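Novice: So the chains spell out like this:
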Amino acid sequence: MAQTQSGAAGMLSLPALLERNAAQFGDRQAYREKEFGIWQCWTWSEVKQEIDALALGLINLGVNEGDFIAIIGRNRPYLYWAMVAAQSVGAVPVPLYQDAVAEEMAYVLGHCGARFVIAGDQEQVDKVIEVQDQLSNLEQVIYLDPRGMRKYDHHTLHQYSHVQDQGRAARDEWTPDLEERKAKLTYDSTCVMLYTSGTTGKPKGVVLSNRNVIESARNSADFDNLTVGENILSYLPMAWVGDFIFSVGQAYWCGFCVNCPESADTMMTDLREIGPTYFFAPPRVFEGQLTSVMIRMEDAGALKRKMFHHFLEHAKKVGGKILDGKPVGMMDRLKYKLGDILVYGPLKDTLGYGRIRVGYTAGEAIGPEIFEFYRSLGINLKQLYGQTEATVFITVQPDGEVRADTVGVPAPGVEIKIDERREIHYRSPGTFVEYYNNPESTASTKDPEGWVATGDAGFFEEGSGHLRIIDRAKDVGQMADGAMFAPKYVENKLKFYPDILEAVLFGNGRDRCVAFINIDLTAVGNWAERNNIAYASYQELAGHPKVLQSIKEHVETVNASVAEDQMLSGCQVHRFVVLHKELDADDGEMTRTRKVRRVIVEDKYSDIINALYDGSSQISTRTEVTYEDGRKGSISATLDIIDAKVVPVRPQSVAAE
Amino acid sequence: MKDMEEGYITEDGRTIGGVVMEMKNITLRFGGVVAIKDISFDIREGEIRAIIGPNGAGKSSMLNVISGFYVPQEGEVWFRGAKRPPMRPYEVARQGIARTFQNIALFDGMSVLDNVMTGRLNYMKTNLMQQALWRGKAEAEETENREVVERIIDFLEIQAIRKTPVARLPYGLKKRVELARALAAEPKLLLLDEPMAGMNVEEKEDMSRFILDVNDEFGTTIALIEHDMGVVMDLSDRVVVMDYGKKIGDGTPDEVRNNQDVIDAYLGVSHD
Numbered sequence: 001m002a003q004t005q006s007g008a009a010g011m012l013s014l015p016a017l018l019e020r021n022a023a024q025f026g027d028r029q030a031y032r033e034k035e036f037g038i039w040q041c042w043t044w045s046e047v048k049q050e051i052d053a054l055a056l057g058l059i060n061l062g063v064n065e066g067d068f069i070a071i072i073g074r075n076r077p078y079l080y081w082a083m084v085a086a087q088s089v090g091a092v093p094v095p096l097y098q099d100a101v102a103e104e105m106a107y108v109l110g111h112c113g114a115r116f117v118i119a120g121d122q123e124q125v126d127k128v129i130e131v132q133d134q135l136s137n138l139e140q141v142i143y144l145d146p147r148g149m150r151k152y153d154h155h156t157l158h159q160y161s162h163v164q165d166q167g168r169a170a171r172d173e174w175t176p177d178l179e180e181r182k183a184k185l186t187y188d189s190t191c192v193m194l195y196t197s198g199t200t201g202k203p204k205g206v207v208l209s210n211r212n213v214i215e216s217a218r219n220s221a222d223f224d225n226l227t228v229g230e231n232i233l234s235y236l237p238m239a240w241v242g243d244f245i246f247s248v249g250q251a252y253w254c255g256f257c258v259n260c261p262e263s264a265d266t267m268m269t270d271l272r273e274i275g276p277t278y279f280f281a282p283p284r285v286f287e288g289q290l291t292s293v294m295i296r297m298e299d300a301g302a303l304k305r306k307m308f309h310h311f312l313e314h315a316k317k318v319g320g321k322i323l324d325g326k327p328v329g330m331m332d333r334l335k336y337k338l339g340d341i342l343v344y345g346p347l348k349d350t351l352g353y354g355r356i357r358v359g360y361t362a363g364e365a366i367g368p369e370i371f372e373f374y375r376s377l378g379i380n381l382k383q384l385y386g387q388t389e390a391t392v393f394i395t396v397q398p399d400g401e402v403r404a405d406t407v408g409v410p411a412p413g414v415e416i417k418i419d420e421r422r423e424i425h426y427r428s429p430g431t432f433v434e435y436y437n438n439p440e441s442t443a444s445t446k447d448p449e450g451w452v453a454t455g456d457a458g459f460f461e462e463g464s465g466h467l468r469i470i471d472r473a474k475d476v477g478q479m480a481d482g483a484m485f486a487p488k489y490v491e492n493k494l495k496f497y498p499d500i501l502e503a504v505l506f507g508n509g510r511d512r513c514v515a516f517i518n519i520d521l522t523a524v525g526n527w528a529e530r531n532n533i534a535y536a537s538y539q540e541l542a543g544h545p546k547v548l549q550s551i552k553e554h555v556e557t558v559n560a561s562v563a564e565d566q567m568l569s570g571c572q573v574h575r576f577v578v579l580h581k582e583l584d585a586d587d588g589e590m591t592r593t594r595k596v597r598r599v600i601v602e603d604k605y606s607d608i609i610n611a612l613y614d615g616s617s618q619i620s621t622r623t624e625v626t627y628e629d630g631r632k633g634s635i636s637a638t639l640d641i642i643d644a645k646v647v648p649v650r651p652q653s654v655a656a657e
Numbered sequence: 001m002k003d004m005e006e007g008y009i010t011e012d013g014r015t016i017g018g019v020v021m022e023m024k025n026i027t028l029r030f031g032g033v034v035a036i037k038d039i040s041f042d043i044r045e046g047e048i049r050a051i052i053g054p055n056g057a058g059k060s061s062m063l064n065v066i067s068g069f070y071v072p073q074e075g076e077v078w079f080r081g082a083k084r085p086p087m088r089p090y091e092v093a094r095q096g097i098a099r100t101f102q103n104i105a106l107f108d109g110m111s112v113l114d115n116v117m118t119g120r121l122n123y124m125k126t127n128l129m130q131q132a133l134w135r136g137k138a139e140a141e142e143t144e145n146r147e148v149v150e151r152i153i154d155f156l157e158i159q160a161i162r163k164t165p166v167a168r169l170p171y172g173l174k175k176r177v178e179l180a181r182a183l184a185a186e187p188k189l190l191l192l193d194e195p196m197a198g199m200n201v202e203e204k205e206d207m208s209r210f211i212l213d214v215n216d217e218f219g220t221t222i223a224l225i226e227h228d229m230g231v232v233m234d235l236s237d238r239v240v241v242m243d244y245g246k247k248i249g250d251g252t253p254d255e256v257r258n259n260q261d262v263i264d265a266y267l268g269v270s271h272d
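Sequences listed follow chains A and B, in order.
Residue 276 in this note's numbering is what sits at position 276 of the first sequence, and the numbering runs on without skipping anything.
Residue 117 in this note's numbering is what sits at position 117 of the second sequence, and the numbering runs on without skipping anything.
Worth flagging that the hints you see were computed from the coordinates, not collected in a lab.
Please note: incorrect hints may appear among the correct ones.
As the list claims (entries may be wrong) - Not the full set, but computed from the structure, chain B residues with beta-carbon under 10 Å of chain A:
hint: 1; residue: R14
hint: 2; residue: L113
hint: 3; residue: F155
hint: 4; residue: I161
hint: 5; residue: E202
hint: 6; residue: K204
hint: 7; residue: E205
What the hints assert, rightly or not - The calculated lysine-lysine pairs, modelled on DSS-like cross-linking and capped at a C-alpha distance of 30 Å, are:
hint: 8; chain 1: B; residue 1: K246; chain 2: A; residue 2: K34
hint: 9; chain 1: B; residue 1: K137; chain 2: A; residue 2: K348
hint: 10; chain 1: A; residue 1: K34; chain 2: B; residue 2: K174
hint: 11; chain 1: A; residue 1: K645; chain 2: A; residue 2: K604
hint: 12; chain 1: A; residue 1: K446; chain 2: A; residue 2: K417
hint: 13; chain 1: A; residue 1: K151; chain 2: B; residue 2: K204
hint: 14; chain 1: A; residue 1: K474; chain 2: A; residue 2: K446
hint: 15; chain 1: A; residue 1: K645; chain 2: A; residue 2: K202
hint: 16; chain 1: B; residue 1: K137; chain 2: A; residue 2: K34
hint: 17; chain 1: A; residue 1: K151; chain 2: B; residue 2: K163
hint: 18; chain 1: A; residue 1: K317; chain 2: A; residue 2: K304
Fair warning: this is a prediction, and the values are worked out from it, not measured in the lab.
Positions of the beta carbon are idealized from the N, C-alpha and C atoms, including for glycine.
Turn these sequences into a full structure, and let the hints steer you where they fit.
Specialist: The following block contains the structure:
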């Protein structure tokens, strides 16, 4: 019975915060998970008991201080507890992407030398077993869901609840050890290690200390006035730094409630049932929802449809201004109120955004129209810019200063400077400790004074002081004539069309730009259905002449808008091709966070790129694909290459300045 | 062929118990057509037993005899140590036998949840009046049964379609819902009539996984009919092969695979 009631000054680790929460918010709900059709709930004091039991069980299994414990699975309270239990016993939790294929997993497990793995279910255990031979350090695997696991050899395999039971049984033996280990944790002990998704090369293990996590959580929670009363839905990969900060860092700092969906497929229903007050999603979630709303409205009755569009038009006009607290006329306000009762309110309810106080989107640029749509409904959606090495926050948008084309002002405690190559550097309490076992990379990213190079190019806007991102610094190049080449800028413009899922622009060092396009199967499939266009496969739909025609129109519109930008007018798309398959993380073409790996794509599809430049009108190609279970196959296709109209620009000598 | 009275242990370490159901010299006729001719075999506790054969071999008829839907003209059906008198299907259901159908037989307008709940019929004791008022006993009973159903929904991973009307579901999912309903009855013996017919490879793999998991997790004895030979050989512990209403093979998948009569029936040899 250790009575270590720590004061505010003593909260130097997550286990210490847990202690405080159990004492201060003991009866408040800390976690909910929908299982068996019901939201199962745990209060902070129950959570503390669960975590302590697991921690004792881990000591009992032989976990030493400094060990790495990999955690793989979908968002479940038990796995979040596992992270804090690992910290409690002085080990380092390493969450992994659950959709990673076995070899990717092998690399990370091997790199950190994990002795223990805590896996969500049979699928994850199977992947670990598959690569076990390559992992000399791996000793024990703990699994959560016992389904299908009965026949496995249990010599080094343990069920989560049994580990907890053993921990409870060994309470007398190990409690002093546990308390001792907890007491040793300092502000500078490692809190978590997160692997970067790795747009280039192998993933790197980013070591974050308690200081990084707790300071970032505190600063950001203060910034948005987050309280103990918030509810969040945790559905983004646990291996991603954002989820760690929202679902663990901020949740522990504020003591708010973390809700886990029943399964990945039920996320939208669960979102609606929970109605989070604080919400985080990458742009594609917002895009997907908007697309589905628009599709469903097409099926609604004429009156409803008319009302919907009428009030949406009004919201577009004044909604954003009302949210920003800018002056709006009396009549317009009244009409907006009416719209709120008739349209916006019910719509937000359906989407699960009825109670949102603060919403964030990050990871990729969001289309201005999508962004404005949500804001006009009165949803306080904002953008932030960050990365794993910064423990998320670099810049954020303060309430009332939200715009689609900037990423806001430096987050509290963050200093930013921009070097002569326009690369953004920052220094903050969240700045990571090091890349694990990789001093060279650490040294090349973080200088001795603590400044970290982001690898992104950007500039501060005159007047507002908001940061604008141009592109990844290493992706920004020069065209043959010396004009600036910034692929992301054009790609984002293309991706803002609902029927374009992904675009990749090429042109560095060349005389003109060409592009790959991926269609969005949901949007284009729905359009095909409406227009009675039959198709048997993704490939066939992607090659349909009418689809190509409409993509061509989009490309030409984008060209016209790119031409208006003096600096980037050289990046217009001269020719493009609609790819026969979606770029996929399983094929290594994208990261697990869905960022395109440019070099790999360029290399893999070099034949298509050549065809785009040599003027041929068609290209036959064969592409290797990896199935979800790791098997490989290939698809072949003949793709049409389309010429797009470009707006002539006056040849520029060198880019401005 | 394994004749041990006490059962046997499979290659993957499962213990198969004694005989639960025994068919003794079954003959089934429809007028002048002999659908099943003098067939005997048994099903043991905890095993996955397949009945295979070419089209028109009498497999579905056999399954209907087991489920009590057809009463054979000759022969006896023994279930759990007792000879079974002719029964109505609901009486068979009460004995602990549940089935799925070749042509999905779900209530189209009802949600997945409601469909699966109907599988709990035999566990509901309150009457119509009580249920309509939904007070006291009826409410407690529904909660109790709903819990069982929710566990099955979780087990078969159909949470996302819990409230979806069955008519809106694709074929593969409907099959899974049917399995869920059969499982809701907590059967001692589960009969599956072509559980994988019309499915693509991925759906077949999923379904195979679920069948194995059901067997493993609940210890349910399963008898299934299936066309896909690969699936049958991978799934089942023992296989009965039928052709033109006669039994031409019975044994482990390996034994059956090497049986000349079976090879002939599948590869086609003129019947004279």
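Novice: Now, for every hint given, state plainly whether the structure supports it.
Specialist: Going down the list of hints, with the structure as the test:
Below 10 Å, beta-carbon pairs count as interface contacts, and R14(B) has one with chain A at about 8 Å; its hint therefore holds. Against a cut-off of 10 Å between C-beta atoms, the interface hint on L113(B) holds, since the closest Cβ of chain A lies about 8 Å away. Because the closest C-beta pair between F155(B) and chain A is about 7 Å apart, less than 10 Å, the hint holds. Checking I161(B) against chain A: minimum C-beta separation of about 8 Å stays under 10 Å; hint holds.
The interface hint given for E202(B) holds, since its Cβ lies 9 Å from the closest Cβ of chain A, which is under the 10 Å cut-off. Contact between K204(B) and chain A, as hinted, is not supported at the beta carbon level, the nearest pair being about 14 Å apart and thus beyond 10 Å. Nearest Cβ of chain A to the Cβ of E205(B): about 9 Å, under the 10 Å cut. The hint holds. Proximity of K246(B) to K34(A) is assessed by CA-CA distance (about 51 Å); at most 30 Å being required, the pair is judged violated.
A distance of roughly 39 Å separates the Cα atoms of K137(B) and K348(A); the hinted pair therefore is violated under the 30 Å criterion. The suggested pairing of K34(A) with K174(B) holds, with an alpha-carbon distance near 23 Å, which does not exceed 30 Å. Distance check on the hinted pair: K645(A) and K604(A) sit about 27 Å apart at the alpha-carbon level, within 30 Å; holds. A C-alpha spacing of about 14 Å is found between K446(A) and K417(A), which places the hinted pair at or below 30 Å, so the restraint holds.
Simply put, K151(A) and K204(B) have alpha-carbon atoms about 22 Å apart, close enough for the 30 Å limit, and the pair holds. The suggested pairing of K474(A) with K446(A) holds, with an alpha-carbon distance near 17 Å, which does not exceed 30 Å. In summary, the hint linking K645(A) to K202(A) is not supported, as the alpha carbons are separated by about 39 Å, beyond the 30 Å threshold. A C-alpha spacing of about 26 Å is found between K137(B) and K34(A), which places the hinted pair at or below 30 Å, so the restraint holds.
Only pairs whose Cα atoms come within 30 Å are accepted, and K151(A) paired with K163(B) is rejected, the gap being roughly 34 Å. Between K317(A) and K304(A), the direct Cα distance comes to roughly 20 Å. Compliance with the 30 Å bound is thereby established for this hinted pair.
The structure fails hints 6, 8, 9, 15 and 17 (numbered hints given earlier, in ascending order).
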